[in-house]
Amino acid sequence: MRLRHTLLACLSISLVAPCAYAGKFDNATGKFALDSAYSSSLDAPSVDLPITAYTLAGSAVSQETLASRFVKDATALEGKGAFFVGGAVYRVGMSLGSLSSKLTGRRVNVRLWQRPGAPGNPQLGTQAEVYISWLSAGEEIATVRFTPTGRGTDDGFRELETGPIDFALAHVLAPTIFIRDLAVRNTTLDPGAVFPTSGVDARDDTRVAIDAFEIQDLGAAAVPDAACTLTNEDAVCGASGVCFAGKCADAASVLGTVPQDAEVRKAYVDRVRFVTRTFSGGRYALSHMADVDAQMATATSFADAKSFWKALRSIEALRDAHSSPVSGFPTTAPDLGICLGAGAADLLPGADATAAVPIVYQSDAKKAGGALVQPGDVLTRVNGVPVAAFMDGAKRLFFQPGDPRSAAVYQSLLLPGIAAHTGAMLEFARCDRASHSTTPCTANEVVIIKVDAAALAGAKIWNGNLTTADITRTPCDSRFTRPIQGAQTYEYAFAGSVDLAADTRLLMINGVPAEVYEGGPEWKAAVQNAVSVPRAKFLLDEREGNGGWSDPAFPLLFGSFFDGPVPVRAELIPNLESAQLESSLGPMRTCWSASSKECAQYLQFVYDGTGFSKNNAASKLALLGGLDVSGNDYLTRMIKTRNGPTRLFSPVPTMGGYGSVMMFPTYMVAASGGSLQIQDSIFTSADKDPNRVFESAVGVSPDEVVLEKQSDAINGQDTLMNAARAWLEAP
Amino acid sequence: MKRVALFCGCAAVMLIACGGESSSNPVNVANDAGTTPRDDGGAASTAVRKLITVPLFAGGDVENRVSDPLIELHQWFFTDPQTGASTVHVNRVAFGQSPAGQAAVFIPGASQNARGVTFGVTFKLPSVAYTAGLWVGAKSKNVTGVFPAVITSDDDGTGMPGYFELVPDPARSDVVASGLHWTRFTVDADAPKVAGWGYLYGATDGSQDLYVGGFDVVTGTGKSHMAPVVGAGRAVPESALRFVAHAKAHHPAPPRPQAR
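In order, the protein sequences belong to chains A and B.
Start counting the first sequence at 1; every next residue gets the next number (the numbering used here).
Start counting the second sequence at 1; every next residue gets the next number (the numbering used here).
In isolation and in its complexed conformation, chain A is listed as follows (with noise of 0.2 Å):
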């Protein structure tokens, strides 16, 4: 999760006072000495660097309040007091801005100290969450969390630090220092929650005492001030730098930090690997886990950023649809108001037709690289090499789960954010409107269009002029046209229908809700209303499909476009270390037929046909693919086993994610612990049959391949849906 600050309009209060203390752990007096290049005892405010706070619910916290939090405290580690966060001090940002005359250009290690508990009780303890993040214009561009050193005291102190990391990003921006109170952190408080595991108390009276904040100036900067493009960064920043925004900045500050010492990061790469072999259930991962997992080992030779989380990025080859890494903190970068998809060059000299490559689908005029662009325009070339060369570069920046094959339609989706965060010169290839809209032209009228990131988008972040627009992500994503328009139709949670004609029905879908997740009880009651009626021809656009839960999506969909019991079930089925699979799927089958609910995470998708209404049975369906996975890999999967005419129209195949997602915990560097799919499925008429094909990493492969062809992008033709339709008209 991120948080966004807003350092404008609010109390501030110094508190950092540049002391000179000796800088030892006296075990005579049991006291901390400070002795770096800047430091604070936080005993009292200080008018030298600003400090912000906020409650919980986002408000400015009054001075009185946070003067109030420096408190005298014979227990104080260092000094006679220290400063409190928890309560109604939820969260506190401190600036370093006053420090860039001095700091900036050199590399420094932050630390403070933490110890939960009120003053005077400290079993009123909360904890910090603390962050060092990197701000223009108010907007966070870059962040990485303190980590524990491994210093504490026997009464409860304990040490963070950011690690070595260069003091001002890209030479540019000064740092800021967030201190959150964790105590809410996926509860049912936190806002940025995605599954809340518990309930918590907003308590006001829980603690934790911050002290002890120094900077230690570890010499010059690591990184040189100096511009880049992606494709030159390893010879212009360095080994420790990579390309942001079109200037040479920290890798630690934008992929995250590493542990230096070696037996801690060895430590926590084990850790990783471990998790990895132990909760993948895939079996192509499971078949490729050794080679992996011999990748992510070398993480533990690597101290430098690049180098390390790279290395643990190697699950990568997993193909696991469910998969993401460990990682550090997104960064932020403006929008460029370009929305890419899979496409087919027609209109180009000497381009084959039948590759997909990345054309612009929509552009907003409002934003600078979008008021360059139209949409059939192909993008050809990026920093000066052929788009390929670049992603292939680039990989550091994007991670391709599941099926490789899906790969045209996901890395289109996401290159112009890569072009924005690192600042790259995009090339585009316009022929004359006028005269070749169904025609190709000549080499001598293709028309280049630049889009250079790092002069419209990176430049806002250096000179501090970003707006909360410029970030503001254009919504983008792999349909050329949508029959039902609107800002909600690019929710997950979206559901809609619409007749294109009397006997012609389209159903729209962005992933399959189970009824309990936001949003999911109007999405089965648009589901339902949508089948409710029968028609000749039925269109299912699930081109977003992300995935979900089976109920209520299959019951009814199924429901409605089967004649009688779906002739497969799915089996879900775990990888149990030492089991082998024949004696543990009966069972596993036995179980779950007793329960009906999971068993050691097995369980079954099956549809008898019991309530189905059958009434869109004899429907020709067509199904528009583009990005689907997991709940829609299922989907796709099982209602093309139907006797009624069914077609999957798509540019790519799924993605392949055949069972369920589990998400890790963080610790340490991470700011996201990753996640990975448990179980892979068989699909199985019955206990007899002899099935044992897991299918997870290879998606449904489309019926008929379709691109959108740029002369039909330029003319505002959704080829897919035109073909899709063609098939549902002809006899």
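Heads up, a few of these hints could be off.
Stated by the list, open to error - Cross-link-like lysine-lysine pairs, in silico, BS3-like; alpha carbons within 30 Å at most:
#1 B/Lys50 <-> A/Lys266
#2 A/Lys31 <-> A/Lys80
#3 B/Lys50 <-> A/Lys72
#4 B/Lys139 <-> A/Lys72
#5 A/Lys524 <-> A/Lys614
#6 B/Lys50 <-> A/Lys80
#7 A/Lys266 <-> A/Lys367
#8 A/Lys31 <-> B/Lys139
#9 A/Lys640 <-> A/Lys688
#10 A/Lys395 <-> A/Lys367
#11 B/Lys50 <-> A/Lys24
To be verified - Computed beta-carbon distance windows for the label pairs:
#12 B/Asp188 <-> A/Asn529: 55 to 65 Å
#13 B/Asp188 <-> A/Ser59: 48 to 58 Å
#14 B/Ser207 <-> A/Gly586: 57 to 67 Å
#15 A/Thr298 <-> B/Val167: 37 to 47 Å
#16 A/Ala469 <-> B/Lys139: 50 to 60 Å
#17 B/Ala171 <-> A/Asn121: 22 to 32 Å
#18 A/Ala317 <-> B/Val167: 42 to 52 Å
Just so you know, these hints were derived from the structure itself, not from any lab.
Every residue gets a Cβ at the ideal spot worked out from N, C-alpha and C, and that includes glycine.
Got chain A sorted already, so can you dock chain B onto it with the hints?
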């Protein structure tokens, strides 16, 4: 519902040297056989504060390594025992609260939770015999009113959940730390025949304020195996039935293919 992926334990000590400071009084957080009792009461102590080394991981075999104990607690769930609602009164508190150094959760008693609180966390079952443990703390010496158990999804391949009640370990009762009296609850469990998933599951009865934390599962302990309380052909005590029924009613729903 976020599912939990914890497979943890304490098998050995790994002391991390940092900044050249040496540990003058390392807390043996990883030694599950016991910790050095202390009573600092959390208040200003007459004893001089000592610098210690805090293990970031418990070390030993990676399979038994404790992940960040603080993060563990963020995978726990707490619910009303009767309604299953997650609006009960609990409060996560400091690391270092339990004698083994892990975070603990403060569960208020009758003043706020007259019916008590059910709590739990999911973990992946090892395929070998294991010992599960949990620290429970109270302000008084009598750590009562808590009923922790490990419930397996299918212990013997029959579809019957296994139930293993954690009981106080006499050797680690009334360990004083952070001003609280702590008792280690443990159970030795057989290797499950279906090595799927387990749930730490417990309840408080609201009779007093309690702290719980430091749950771990340790393999390779070499201890004798105990039969699960619930299983085919075994006697079923009333308390076990209550827990199993509760588990079936309230244990986390199966992990779902989530929206990406």
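Here's how the hints hold up against the structure:
no.: 1; hint: B/Lys50 <-> A/Lys266; verdict: 28 Å, holds
no.: 2; hint: A/Lys31 <-> A/Lys80; verdict: 10 Å, holds
no.: 3; hint: B/Lys50 <-> A/Lys72; verdict: 21 Å, holds
no.: 4; hint: B/Lys139 <-> A/Lys72; verdict: 27 Å, holds
no.: 5; hint: A/Lys524 <-> A/Lys614; verdict: 18 Å, holds
no.: 6; hint: B/Lys50 <-> A/Lys80; verdict: 18 Å, holds
no.: 7; hint: A/Lys266 <-> A/Lys367; verdict: 45 Å, violated
no.: 8; hint: A/Lys31 <-> B/Lys139; verdict: 29 Å, holds
no.: 9; hint: A/Lys640 <-> A/Lys688; verdict: 22 Å, holds
no.: 10; hint: A/Lys395 <-> A/Lys367; verdict: 26 Å, holds
no.: 11; hint: B/Lys50 <-> A/Lys24; verdict: 13 Å, holds
no.: 12; hint: B/Asp188 <-> A/Asn529: 55 to 65 Å; verdict: 56 Å, holds
no.: 13; hint: B/Asp188 <-> A/Ser59: 48 to 58 Å; verdict: 52 Å, holds
no.: 14; hint: B/Ser207 <-> A/Gly586: 57 to 67 Å; verdict: 45 Å, violated
no.: 15; hint: A/Thr298 <-> B/Val167: 37 to 47 Å; verdict: 45 Å, holds
no.: 16; hint: A/Ala469 <-> B/Lys139: 50 to 60 Å; verdict: 54 Å, holds
no.: 17; hint: B/Ala171 <-> A/Asn121: 22 to 32 Å; verdict: 31 Å, holds
no.: 18; hint: A/Ala317 <-> B/Val167: 42 to 52 Å; verdict: 46 Å, holds
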